[in-house]
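Student: Quick mapping for you: the protein sequence lines, in order, are chains A and B.
The opening position of the first sequence corresponds to residue 1 in the numbering used here, with each subsequent residue numbered one higher.
The opening position of the second sequence corresponds to residue 1001 in the numbering used here, with each subsequent residue numbered one higher.
Check the hints yourself; a few may be wrong.
What the hints assert, rightly or not - Below, a sample of chain A positions facing chain B; criterion: calculated Cβ distance under 8 Å:
no.: 1; residue: L168
no.: 2; residue: M176
no.: 3; residue: V178
no.: 4; residue: L206
no.: 5; residue: F210
no.: 6; residue: F215
no.: 7; residue: A217
Said to hold, decoys possible - Simulated restraints on C-beta separations:
no.: 8; chain 1: A; residue 1: E166; chain 2: B; residue 2: D1143; range: 36 to 46 Å
no.: 9; chain 1: A; residue 1: D95; chain 2: B; residue 2: W1076; range: 51 to 61 Å
no.: 10; chain 1: A; residue 1: L90; chain 2: B; residue 2: E1230; range: 23 to 33 Å
no.: 11; chain 1: A; residue 1: L208; chain 2: B; residue 2: V1027; range: 29 to 39 Å
Claimed, not checked - Okay, the calculated bits of chain B under chain A, using three or more residues with CB under 8 Å as the criterion:
no.: 12; segment: 1059-1072
no.: 13; segment: 1134-1144
no.: 14; segment: 1150-1157
The hints are simulated quantities; they were obtained by calculation from the structure and are not laboratory data.
C-beta atoms are modelled at their ideal positions from N, C-alpha and C, and glycine is treated no differently.
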Amino acid sequence: MGLPREAGRVAAVAWKDLTAERRTKANFNAVVFLAALILFLFGFALGPDAEALRAAAAGALWLTVLFSGVLAFNHSYQVELESGALEALLLYPGDHRSIFLGKLIANLVFVLLVEAIVLPLAAVLYHLPLLRPFPGLAGVLLLGTVGFVTLGTFYAAIASRVRAREVLLPLLLFPMLVPVLLAAVEATGALLAGDPMKESGGWIRLLLIFDVIFFVASFFAFEYVIEE
Amino acid sequence: MPGSFVPAVVSRRRYQILGIIALAALVGAELLGLSASPPDRDMGHLQKIMYVHVPAAWSAFLAFFVVFIGSVLYLWKREERYDLLAAAAAEVALVLTALTLALGSIWGRPTWGVWWTWDPRLTTTAILLVMTVGYLALRSFVDEPDRRARWSAAVGILASLNVLVVYKSVQWWRTLHQVQSSPSTVDPAYALGLRLNALAFLLVLVYFILLRYRAARLERLVEAQAEARELAQGEELHV
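Sequences and hints are given; from them, build the entire structure.
Tutor: Next up, the structure:
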């Protein structure tokens, strides 16, 4: 069982999930529209005042990503549950963690694509400068999303096979996301404000540390969760 | 099972005696704490709430530690009693955490002027409460015992890890709570009451965990018997 072969398995799982998603698009379209809707709702809740909107934009943006992205994770396992595909997937030789990594990558691509549409929309609705902070902002978005998707993919492996999965996944996932959300919102807010205090760097480093901690933890815990 | 520190089923008598001792210790320690200590210079008699708030918090964290240990031991040894121990400790932890937050809020209103503040210790405790609810919700939604045990052990371990990370991250975010109270940071006049109350809470904690552990154990026993009966009936039908 060499590393290249495991990498091949990871790629195969990710490719399978993304192909299924690309051919139906049902889930992606629904999630994107829901994200746009949530952006609008935050706009209504925070009022039309441009200053107030800009001040709350980082939080609203991340909550939009969380609330819409959370819908993608259960789906990623639910498609496997129909006609016992998950059992077949587990019967293949090789490390089960390849399934985790494959699904993580597929979910990551999914959520990043949603963000690629949500971010410009948020910039328009909340009057945000997008081009000036862009390289840093893209990095924060990527790091925050990696933490979010890592934990989401892990907890969905549990929640998708349980009664009341719709409520259980956020109930398990969101408290775990508190550190990632904090760091991501602070870094995003600092960058959107032009980073006058040069504080975004510290938050980005923290985000990176959180990503590593949660990735290692869920990577090793996955084996216990997926086995039958 | 010999050589194990988690008994199979604690006898009814033994835990009843422990319960009576725990209750007596709690009442005695509270009375002593209330009567023996002078009013605090800044807080007056408000300080008395320390005798319940601080021991509740300590025992809650101890209970979470039991959840963590039970979860790790379950994944390692795969014996059901560790899972049931973790579940029993989580139930008690939930009650004690809720008590800690409620008492802290009552204390905070007159001393800090607010019911709630976004300080690391408060925020972490609240997140801990939510994660415990999630843990117990997961347990109630999964019927298959082996699966329930594995999943909740994994969730329990990750949640314990998260406690440290949340604490650190909120600390970087902001801070206001006074340094933790301990017998060494409070005036000697209060230390004895605090120590005795902590001991009383510890007894209550052990009693509650044993009680819930015993209930969980008996529940599983009844489930197993019902399964066996159904199997036997099924066989009779086939003959």
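Student: Each of the hints needs a verdict: does it hold here or not?
Tutor: Status of the hints after comparison with the structure:
{"no.": "1", "hint": "L168", "result": "holds (6 Å)"}
{"no.": "2", "hint": "M176", "result": "holds (5 Å)"}
{"no.": "3", "hint": "V178", "result": "holds (5 Å)"}
{"no.": "4", "hint": "L206", "result": "holds (7 Å)"}
{"no.": "5", "hint": "F210", "result": "holds (7 Å)"}
{"no.": "6", "hint": "F215", "result": "violated (12 Å)"}
{"no.": "7", "hint": "A217", "result": "holds (6 Å)"}
{"no.": "8", "hint": "A:E166 <-> B:D1143: 36 to 46 Å", "result": "violated (18 Å)"}
{"no.": "9", "hint": "A:D95 <-> B:W1076: 51 to 61 Å", "result": "violated (20 Å)"}
{"no.": "10", "hint": "A:L90 <-> B:E1230: 23 to 33 Å", "result": "holds (29 Å)"}
{"no.": "11", "hint": "A:L208 <-> B:V1027: 29 to 39 Å", "result": "violated (52 Å)"}
{"no.": "12", "hint": "1059-1072", "result": "violated (count 0)"}
{"no.": "13", "hint": "1134-1144", "result": "holds (count 5)"}
{"no.": "14", "hint": "1150-1157", "result": "holds (count 6)"}
Checked against the numbered hints above, the structure violates hints 6, 8, 9, 11, 12; every other hint is satisfied.
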